[in-house]
Structures are given as C-alpha cells and as structure tokens.
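A.B. asks: Sequence:
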Amino acid sequence: MSDWKTTYTHFLTSATEDYTNKEKLGDLLVQGELALAKVTVDVASSEISNIEREEELTLYFQMKQLLNMLRALYNDQFEMQPDKQHALVAAVLYFVSPFDAIPDDAPLGLFDDAQVIDYVHEQLASDIDRFHNEL
Numbered sequence: 001m002s003d004w005k006t007t008y009t010h011f012l013t014s015a016t017e018d019y020t021n022k023e024k025l026g027d028l029l030v031q032g033e034l035a036l037a038k039v040t041v042d043v044a045s046s047e048i049s050n051i052e053r054e055e056e057l058t059l060y061f062q063m064k065q066l067l068n069m070l071r072a073l074y075n076d077q078f079e080m081q082p083d084k085q086h087a088l089v090a091a092v093l094y095f096v097s098p099f100d101a102i103p104d105d106a107p108l109g110l111f112d113d114a115q116v117i118d119y120v121h122e123q124l125a126s127d128i129d130r131f132h133n134e135l
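In UniProt numbering, the protein residues as written are 1 to 135.
Please note that a few of the clues may not be correct.
Unchecked claim - Straight-line Cα separation of at most 25 Å, DSS-like style, residue types lysine-lysine; simulated pairs: (1) K84 x K24; (2) K64 x K38; (3) K84 x K64.
Simulated from the structure, these hints should not be mistaken for laboratory data.
All chains should be built: construct the whole structure from the sequences, respecting the hints.
C.D. replies: Right, here's the structure in full:
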C-alpha cells in the first residue's frame, strides 16, 4: 500500500496521457456519478457515526462540484488550463478507482479519496469560483 500522493501522481500521469478524448471523459463521468451514488448510500446509512457522515458529506459536495466542472468541460461549456484539467481528471480517476492507497472496501476506505479530493479542490479553488460565476 502506498500513500495517496504517490497514487495520485500515478492517476495524474494517466489523466495527462490517456484522457484526452471525449469518449474516455464521458465514460469517466458515468463512473464518477456511479461512485458518488455509493457515497450517497453511505451518508444515508444509520450504521455510520455523525463524524463519518460529516466527512462523507464534505467528500460528496466537493466531488459533485468536480464532476459538474468535468461535465461542463466535456460539453465545451467551460475551459481550464490543461494542467488544472489534468488535476481534475486525476481526482475523478482516483475517486472511481477501487485500487488506490486505501482500497475503498476497507474500513476508512474513502479516507484517502477524501484527502485527494480536498487537495485538488484547494488547487482548483479559483477555477471553481469562476465556474460558479460563469454558469
């Protein structure tokens, strides 16, 4: 098991090299929405603590913003610098992958995903603000 930064770097390389066409981005959007639906089920569960629920809600809302931005990019409704677009795609890739620093089916399996999403969310803060102001 590696740390989330090393694994994220792997996904960033993949985003830069492999996710340059619309078909792959479209598939990634579908995978992202399906993965986000699983978080929704977790948040609604009575089996998690309020602290876990709060963390998963933060993850949900940040990921939803990133997916909305990716959808706008996919539909040519929004533009970003290529390096920031790659970071966005890498975050979504990390989120949908069951094989990351902490496997998603393990206890606290979304902890590393939340760290990556928060990290990228901070990197893209100005783009997120611009996205909300433009659309």
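A.B. asks: Next, verify each hint and record whether it holds.
C.D. replies: Verification of the hints:
With a C-alpha separation of about 18 Å, the suggested pairing of K84 with K24 holds against the 25 Å cut-off. At most 25 Å may separate the alpha-carbon atoms for a hinted pair to count; K64 and K38 meet this at roughly 13 Å. The straight-line distance between the Cα atoms of K84 and K64 is roughly 17 Å, inside the 25 Å bound, and the hint therefore holds.
Every hint, counting from the list given before, is met by this structure.
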